[in-house]
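**Q** Produce the entire structure from the sequences given, and follow the hints as far as they go.
As a plain string of letters, each chain reads:
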Amino acid sequence: MIDDVEVAGVGMHPFGRFPERHIKDLVRTAALRAVIDAGIETRDIDAVYSANALAGLLTGQEQVRGQTVMSEIGIEGIPITNVENACASGSTALREAILAVRAGVSDVVLVVGFEKMFVDERTITLQALQSAADLDIVSGLGLQFTAVYGMRLRKRLDEGTLKADDLIAAAIKSHNHGAKNPYAQHREPVTAEEVVGSRPIADPLTLLMCSSICDGASAVVVARRGHLDHGDRRRVLVRASQMRTARSRSGNEASVATECARAAYEQAGLGPEDLNVLEVHDAMAPGELLYYEQLGLCDYGDAGKLLHSGATTFGGTHVVNPSGGLSSRGHPVGATGLAQVAELAWQLRAEAGARQVESAHLAMAQNSGGFIEGDSAVCNVHILQGVSA
Amino acid sequence: MSTLIDALKADPIAERSRLDQAAGALVAGECEACGARRWPRRAVCPECGGGRIVERPLPRVGTLLTWSRVWVAIENVAPPYVVCMIDLGGVVVFAHVRELILDPHVGDRLRLVVATGERPPYWFVPLDEGERMPIDDRG
Chain Y
1 MIDDVEVAGV GMHPFGRFPE RHIKDLVRTA ALRAVIDAGI ETRDIDAVYS
51 ANALAGLLTG QEQVRGQTVM SEIGIEGIPI TNVENACASG STALREAILA
101 VRAGVSDVVL VVGFEKMFVD ERTITLQALQ SAADLDIVSG LGLQFTAVYG
151 MRLRKRLDEG TLKADDLIAA AIKSHNHGAK NPYAQHREPV TAEEVVGSRP
201 IADPLTLLMC SSICDGASAV VVARRGHLDH GDRRRVLVRA SQMRTARSRS
251 GNEASVATEC ARAAYEQAGL GPEDLNVLEV HDAMAPGELL YYEQLGLCDY
301 GDAGKLLHSG ATTFGGTHVV NPSGGLSSRG HPVGATGLAQ VAELAWQLRA
351 EAGARQVESA HLAMAQNSGG FIEGDSAVCN VHILQGVSA
Chain H
390 MSTLIDALKA DPIAERSRLD QAAGALVAGE CEACGARRWP RRAVCPECGG
440 GRIVERPLPR VGTLLTWSRV WVAIENVAPP YVVCMIDLGG VVVFAHVREL
490 ILDPHVGDRL RLVVATGERP PYWFVPLDEG ERMPIDDRG
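Protein chains in written order, with my numbering: chain Y, 1 to 389; chain H, 390 to 528.
What the hints contain is simulated information worked out from the structure, not anything from laboratory work.
We treat Cβ as the ideally placed atom computed from N, Cα and C, and that holds for glycine.
Keep in mind that the hints are not guaranteed to be accurate.
On the chain H side, residues computed to face chain Y include the following (Cβ under 8 Å) [to be verified]:
(1) Glu421
(2) Cys423
(3) Pro435
(4) Thr455
(5) Val472
(6) Met474
(7) His485
(8) Arg487
(9) Pro509
(10) Tyr511
Pulled from the structure, derived: some chain H residues nowhere near chain Y, Cβ distances all over 10 Å [stated by the list, open to error]:
(11) Ser391
(12) Thr392
(13) Asp395
(14) Asp400
(15) Ile402
(16) Ser406
(17) Gly413
(18) Ala422
(19) Gly438
(20) Gly439
(21) Val443
(22) Arg458
(23) Val459
(24) Val461
(25) Ala462
(26) Val495
**A** Following this line, the structure appears as structure tokens:
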């Protein structure tokens, strides 16, 4: 059980294409917003965890990335740890910060996640993304993430436990949500015709079903509960923080997300029925359907039904990805996990504006990363609770 | 008694065989203690922690678990190409599928082709209905 850690502040730099901005610029915006939101100064921070996956390959800054971006905002001297777990880097950094507070080593910890993916040649970025799989094994196969999700969905379509309509509906829902999010990369609704007619990427996925190359940054301040004063503002408590690595396939094991979510529910003493709002790892929009099942929102085979029932969009009982998720908000790899938490913090504090989920008081963030043996390599699940001051 | 000491003596990755050109088969690792198999072969068994792993050739015919036709170019692989997950006697392998005339279907039987000079050095093709399976291909 966790009862002594809170999310004290959050901040984001919009996600999108920012060729004129350096990673230091992206981080400055997100980090200062989070620090100001927490009501503190930079000198109040005891430690930093910095999440980034690709800046080494894309900018050459392979080492000490966290220290370089923190220097821009005058943070020196304190421990700064660099964290990488592919697309799960942000939530991994958050997990470390939570552990530091729980261990009694730090009272206030800044967590930043950032990525700058637009470079001169798109193929360089696509190639860099390949390093999220075990190159020793899959090098030369062209096993892109789109193909990985394509294969997962193909199996379900063949089985009849998902329909093409479900995939299209997931993409439409994602874009509808993203349209309400000023931080999102894609802010226009899409029609079924547009989704189906967009460029094929990896069957059955089309362009409008996939998340895009994206720049962005997000930040979270984690603190010991009671250490900082937020006046009347609702508190955001951490109720669970769990991480799992995938097991190699030898049968029909539960997915890494399923295992991780089970552990998180147990740690929080809750079940999926208790959640109001979730941010899940839809690197491809239809991936959301798989996570409905893996996170326990419905039984295997019922994901399409759940989506079409309206339960997972605004007005529903379990709103999934109010932000637009990865597929519409965009997926700057190192930043995504913390952007999920920023969204959920706003939701739990009733500050989400046009995206506000009614009476949101229990939330889950599921952030997956990398690829190994047919599953995501890593998954982190956090459960957050909103309570009055 | 721990067999991790044996794992210290495993051959280096660069020398560890993954396929047998002569036999036309992928070579997996099989744990001496629990029988679990993985391809490529590892030094320690992920299921029981055993450090004694022996080579085991996999069947040359497998069952298609899933597939996707990819339309975007990457690392010198010219699109469109088909990637798949295939079950070779209980071991899951990722590979390309070639020589397709029609779209494959989950459950199709595919045959391994090994060509050590190429990259990747193995792929699968549809198994002809009338093709005789050698008796040593039982999974």
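**Q** Each hint: holds or not?
**A** Here is how each hint holds up against the structure:
{"no.": "1", "hint": "Glu421", "in the structure": "violated, 16 Å"}
{"no.": "2", "hint": "Cys423", "in the structure": "violated, 11 Å"}
{"no.": "3", "hint": "Pro435", "in the structure": "holds, 5 Å"}
{"no.": "4", "hint": "Thr455", "in the structure": "holds, 4 Å"}
{"no.": "5", "hint": "Val472", "in the structure": "holds, 5 Å"}
{"no.": "6", "hint": "Met474", "in the structure": "holds, 6 Å"}
{"no.": "7", "hint": "His485", "in the structure": "holds, 7 Å"}
{"no.": "8", "hint": "Arg487", "in the structure": "violated, 12 Å"}
{"no.": "9", "hint": "Pro509", "in the structure": "holds, 4 Å"}
{"no.": "10", "hint": "Tyr511", "in the structure": "violated, 10 Å"}
{"no.": "11", "hint": "Ser391", "in the structure": "holds, 21 Å"}
{"no.": "12", "hint": "Thr392", "in the structure": "holds, 19 Å"}
{"no.": "13", "hint": "Asp395", "in the structure": "holds, 20 Å"}
{"no.": "14", "hint": "Asp400", "in the structure": "holds, 14 Å"}
{"no.": "15", "hint": "Ile402", "in the structure": "violated, 7 Å"}
{"no.": "16", "hint": "Ser406", "in the structure": "holds, 14 Å"}
{"no.": "17", "hint": "Gly413", "in the structure": "holds, 19 Å"}
{"no.": "18", "hint": "Ala422", "in the structure": "holds, 15 Å"}
{"no.": "19", "hint": "Gly438", "in the structure": "holds, 13 Å"}
{"no.": "20", "hint": "Gly439", "in the structure": "holds, 14 Å"}
{"no.": "21", "hint": "Val443", "in the structure": "holds, 17 Å"}
{"no.": "22", "hint": "Arg458", "in the structure": "violated, 4 Å"}
{"no.": "23", "hint": "Val459", "in the structure": "violated, 5 Å"}
{"no.": "24", "hint": "Val461", "in the structure": "violated, 6 Å"}
{"no.": "25", "hint": "Ala462", "in the structure": "violated, 7 Å"}
{"no.": "26", "hint": "Val495", "in the structure": "violated, 4 Å"}
Figure legend: structure checked against the earlier numbered hints; hints not met, in rising order: 1, 2, 8, 10, 15, 22, 23, 24, 25, 26.
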